[in-house]
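S.K.: Using the sequences provided together with the hints, build the complete structure.
Residue numbers (our numbering), protein chains in the order written: chain A, 1 to 158; chain B, 1 to 285.
Do not take every clue at face value.
Calculated pairs, DSBU-like style, for lysine-lysine (alpha carbon to alpha carbon, straight line, at most 30 Å) [said to hold, decoys possible]:
id : chain 1 : residue 1 : chain 2 : residue 2
1  : B       : K137      : B       : K51
2  : B       : K59       : B       : K153
3  : B       : K59       : B       : K137
4  : B       : K59       : B       : K158
5  : B       : K153      : B       : K137
6  : B       : K153      : B       : K257
7  : B       : K51       : B       : K153
8  : B       : K51       : B       : K24
9  : B       : K51       : A       : K119
10 : B       : K59       : A       : K117
11 : B       : K59       : A       : K119
12 : B       : K51       : A       : K117
By construction, these hints were calculated from the structure, which means they are not laboratory data.
Just so we're clear, the structure is a prediction, and the values are computed from it rather than from any experiment.
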Amino acid sequence: MSTIHVSTTINGAPTDFVCEHDETLLDVLRNRIGLTGSKEGCSSGDCGACSVTVNGRLVCSCLVLGAEAQDAEVHTIEGMADGPTLHPLQKAFIEHAALQCGFCTPGILVAAEALLKEKPEPTDEEVRYWLAGNLCRCTGYDKIVRAVQAAAAEMRGV
Amino acid sequence: MRYVAATTAEEASALLAAETGLAKVLGGGTDILVQMRAGMVEPALLVDIKKIPGLREIKSEAGGFRIGAGVSGAELMRHSAFATTWPGALEGFNLIGSTQVQGRATMAGNLCNASPAGDAVPGLVAAGATVRIQGPKGQRDCPIEDVPVSPGKTSLAKGEFITSIFLPAKPARTGDAYLRFIPRTEMDIAVASAGVCLTFDASGTCTAARVALGAVAPTVIVAHDAAKTLIGTKVDAAALDALQAAATALARPISDKRGTADYRRETVGVLARRAAQIAKTRAGA
Ligand SMILES: Cc1cc2nc3c(=O)[nH]c(=O)nc-3n(C[C@H](O)[C@H](O)[C@H](O)COP(=O)(O)OP(=O)(O)OC[C@H]3O[C@@H](n4cnc5c(N)ncnc54)[C@H](O)[C@@H]3O)c2cc1C
Ligand code: FES
Ligand code: FES
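M.R.: Structural data, given as structure tokens:
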């Protein structure tokens, strides 16, 4: 099958790749670019482990075609830390033990970052609703909500 | 499969018309990419319409709103004028999936996927929305309810696709609402649903009503006989009883793992009643 050439920006870096027409952005990120932080839990939009932002909008990268990334700005978990300096959300997840196996964590961090950009002071309920599409089999969610709130407070400077 | 991002509506229509194999539109992809992955559909051509100029815009038109077919739920919910004018039509759309799914899902995709349980559809039908269709021979408009014809099938001809959805100007003292019932609180498919839009006169008498029932027939039901029970009333308890009974009587549901036909009939009546109460409150009556 013929392939398609795509020019995009990933975590701020202009990036070109070639992919199959029906290849998902998640497969492109993981298998062609080597960005394996985004995880594949279901490939049907249910688990959120593959969460990234495209042009600032939170999406499941398993439900986006690689070809659709032409001229777009893609942001993944790999773009979250500033070199060796962790993002406040990443630090809070470690401090609050908001992960066990860690499989859901990249997706939840990307999703939580998108929430705090829009709503720096969310209620617990808003955090839970926003993250309803991010499934975690380990933590029971409570520690995740607390970690997001701790990071939000730190980012607001309180 | 071939992916093409069309740059004009005419080009998209010509591509869809010329393809000899199965040609499909790619909206937000939250249905079709899942179906392709599962091997349920195998298109030869996928035409992405989101890069066509104007298809991601929400425009004011004739006192109403024209919503481009590529507009996602996340984009529409942040449009405050739309959200305050047509809260019922919006809440059905926004119930779809998670934050991530909302980032991509479109109303046109929900409509053209033609699931009997599509959550965006009853609210749009109740609001009296229409679609604009681009085809090889030009444009045409049609009511929302004429698009789905059976589960998974639409009335769109080869080469035709939806470019926008139009919600008309809302008359004074009008309110709309959408309710669905699902076994969980999030991320599930409706067992039954109801969209209601009511208009009142200055004395609080209902002068116009539209009721749409979802997930209780192969396609959305435009429940004229249920709507009629409210016209000329103050939408009081007696009128709501009549509405509930009429909605239950009009339902033609199936039994499946989410609920039996009897359960759906009962539920859809209650949902129509409650949606009518919310619509009345929103109308200020
Ligand atoms: C996790 C998850 C949860 C979900 N929850 C719900 C839910 O609660 N309620 C619900 O109703 N749905 C739900 N869905 C289904 C889906 O998200 C919606 O139906 C959505 O609105 C589809 O829109 P889309 O733009 O993504 O469609 P697409 O997948 O792009 O397209 C769907 C179909 O419509 C056709 N199409 C798309 N746009 C057009 C157009 N402009 N003109 C003509 N044909 C077109 C496509 O060819 C395809 O056949 C869920 C999906 C997922 C993955
Ligand atoms: S892998 Fe994308 S939502 Fe599960
Ligand atoms: S930490 Fe294991 S799935 Fe969330």
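S.K.: For each hint, tell me whether it holds in the structure or not.
M.R.: Checked hints:
At most 30 Å may separate the alpha-carbon atoms for a hinted pair to count; K137(B) and K51(B) meet this at roughly 22 Å. Of the supplied pair hints, the one linking K59(B) and K153(B) holds, its CA atoms being roughly 29 Å apart against a limit of 30 Å. Among the hinted pairs, K59(B) with K137(B) is consistent with the structure: their alpha-carbon atoms are about 25 Å apart, no more than 30 Å. A threshold of 30 Å between alpha carbons decides the hint, and for K59(B) with K158(B) the separation of about 28 Å falls inside it, so the pair holds.
A distance of roughly 21 Å separates the Cα atoms of K153(B) and K137(B); the hinted pair therefore holds under the 30 Å criterion. The hinted pair formed by K153(B) and K257(B) meets the criterion: a straight-line CA distance of about 23 Å does not exceed 30 Å. A threshold of 30 Å between alpha carbons decides the hint, and for K51(B) with K153(B) the separation of about 25 Å falls inside it, so the pair holds. Between K51(B) and K24(B), the direct Cα distance comes to roughly 16 Å. Compliance with the 30 Å bound is thereby established for this hinted pair.
Taking the CA atoms of K51(B) and K119(A), the gap is near 29 Å; set against the 30 Å cutoff, the hint holds. For the hint linking K59(B) to K117(A), the alpha-carbon distance of about 26 Å falls within 30 Å, and the restraint holds. Distance restraint check for K59(B) and K119(A): the Cα-Cα separation of roughly 26 Å lies within the 30 Å cut-off, and the hinted pair is therefore satisfied. A distance of roughly 26 Å separates the Cα atoms of K51(B) and K117(A); the hinted pair therefore holds under the 30 Å criterion.
Consistency with the previously given hints is maintained throughout, with no hint failing.
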